[in-house]
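Visitor: Following the hints, put chain E in place on chain V, whose structure we already have.
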Amino acid sequence: MLDVHNLEERWLKYKIKTFIPYIVIFFSLIIIITVLFIFNSKSKINTEKKIVKPIKKLEKQVPKEKITIEKTILQPSYKFIENIKEINTQKIIKKDKQPKKVQSTIQIKRQNQNDDINIVLKRFHNNKNPSLSLFIAKKYYEQKNYKYAYKYAFITNELNNKIEDSWLIFIKSMIKLNKKEQAIKTLKQYIQHSDSYKAKLLLNNIYNGKFR
Amino acid sequence: MQSSILEDSKNAFLDTTEVSDYIQLDRTSNLYFSLKESIKKPLKMILLYGKPGTGKSMLLNKLYHDLKDEQKIFIYKVPILDENDFFRLLAQDIFNIKYQGDLNYTQFMKIVEINDNDEVPIILLDEAQLYSNTQMEKIRLLSDTRKVKFVITLHKTTKEDLIAKEHFQTRIWESIVLSNATKSELKIYIQKKLLKANCFDTANMINDKNISLIYKLTDGNYRDTNKLIYTIFDIYLYYLKNNLKTIQTTSLSNKIIEMSAIHTGLIDA
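Top line first, the protein sequences correspond to chains V and E. Numbering-wise, the working numbering puts 171 at position 164 of the first sequence, and it's gapless, one number per residue. Numbering-wise, the working numbering puts 743 at position 111 of the second sequence, and it's gapless, one number per residue.
Isolated chain V (complex conformation) (with noise of 0.2 Å):
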């Protein structure tokens, strides 16, 4: 005699049964994953760490040369914002004289990143990001005014002293402000404890004169 509500029951017994293999493979998969996306994650941290403990340690083992290096940066930047606008002026000037068409391209191009810098720096001045600083200086060493990009370099690095791209521009404004003496100084430093690529490569090209 069948006693079908006890087949149902071990039927239902051996589907979960059956089941089970697949179960534990899917959260196994899963326990996988996820311990692998955290150990990628812990290994970023660690290989981020050991560039930014050398530079904390280029601040304490030579405080001096750094406050001297700041001083030296300051010093000239305010001049430089004061000849400002007598700069723009003679731009403005000297673009005046060209084609009416080409003139007109180059305006509104000016205008467009003027205008993209005006609305970041109010931005900035709100909330004080880094990588704000960072686009304005980059977009002022675009536009050659390698004043503001050093002084907005020069900020980022005040800001937050572990982004490559800020040393680089303040770099490359310095050398392009004729101080290259110091810009090689400062630039050996920082490859001295980031071992930074971009930063050999730079002073390779330097020193080759391919940047100038």
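Please note that the accuracy of each hint is not assured.
[Stated by the list, open to error] Derived pair list, reagent style DSS-like, types lysine-lysine, alpha-carbon separation capped at 25 Å: (1) 779/E with 742/E; (2) 841/E with 20/V; (3) 848/E with 22/V; (4) 24/V with 887/E; (5) 22/V with 841/E; (6) 49/V with 20/V; (7) 887/E with 22/V; (8) 187/V with 205/V; (9) 20/V with 779/E.
No lab work stands behind these hints, which were simulated from the structure alone.
Guide: Just chain E now, with coordinates in the frame of chain V:
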């Protein structure tokens, strides 16, 4: 679906060796034909072997059924383990001698020598692996006289031991191997069984996926398939009679197949 159809479908899979239940498949037909041909040859012994549930008994039964009106043929479906009983029964069937008291091998051999038949009687022994070694030895010696021809069925595992024996190897014999059905053969077998019982509706219920599952569970063994499908229709009948569930009778449920497999022990749950 009417419960009578399910009842008929269920009964179609009763595990019997009745000739009326014999399902003709290409492979089994060929084997049966070769078996019939072997009987005509001057062989002393024919061996029919395979795993349990591969249709040995059914084939032996069919052979008996087909030849019983043409020649002297006797079938022993249940092994006669007592030697005296065995030879007494042989003497009675072959030579029509009703012997009182014990009849051992030597006495029986004398009867064989005295009663010389023109026609060699055929003895069909099912489940021969159950006979003792000494009894099997005597059966072999008896077959050597060429006065009696034996067709025996054996399980494959025990057959290997028998072949290993030297005296058996020297005998002129033929062996026919029976194996489990393939998936396509199993499908034909199930369909033919149902159609033979006029159960067209239930035959339509079984699709290829069901066949695959049944094949996976039974490995193509006819006996296991019979048991499984018998229980499947039994479960369907139970649901139908008790109105416990609204069961679909348009297709066979894999759940019920698995439940049936649990009940028949094909699934260990």
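Visitor: Does each hint fit the structure? Answer for all of them.
Guide: Hints, verified against the model:
1. 779/E with 742/E: holds (12 Å)
2. 841/E with 20/V: Given that 25 Å is the threshold and the Cα spacing comes to 22 Å, the pair holds.
3. 848/E with 22/V: holds (16 Å)
4. 24/V with 887/E: holds (15 Å)
5. 22/V with 841/E: At roughly 18 Å apart (the allowed maximum being 25 Å), residue 841/E and residue 22/V satisfy the hint.
6. 49/V with 20/V: Judged against 25 Å, a Cα distance of about 42 Å means the pair is violated.
7. 887/E with 22/V: holds (10 Å)
8. 187/V with 205/V: Roughly 18 Å separates the two Cα atoms, so the pair holds.
9. 20/V with 779/E: With Cα atoms ~60 Å apart, residue 20/V and residue 779/E exceed 25 Å; violated.
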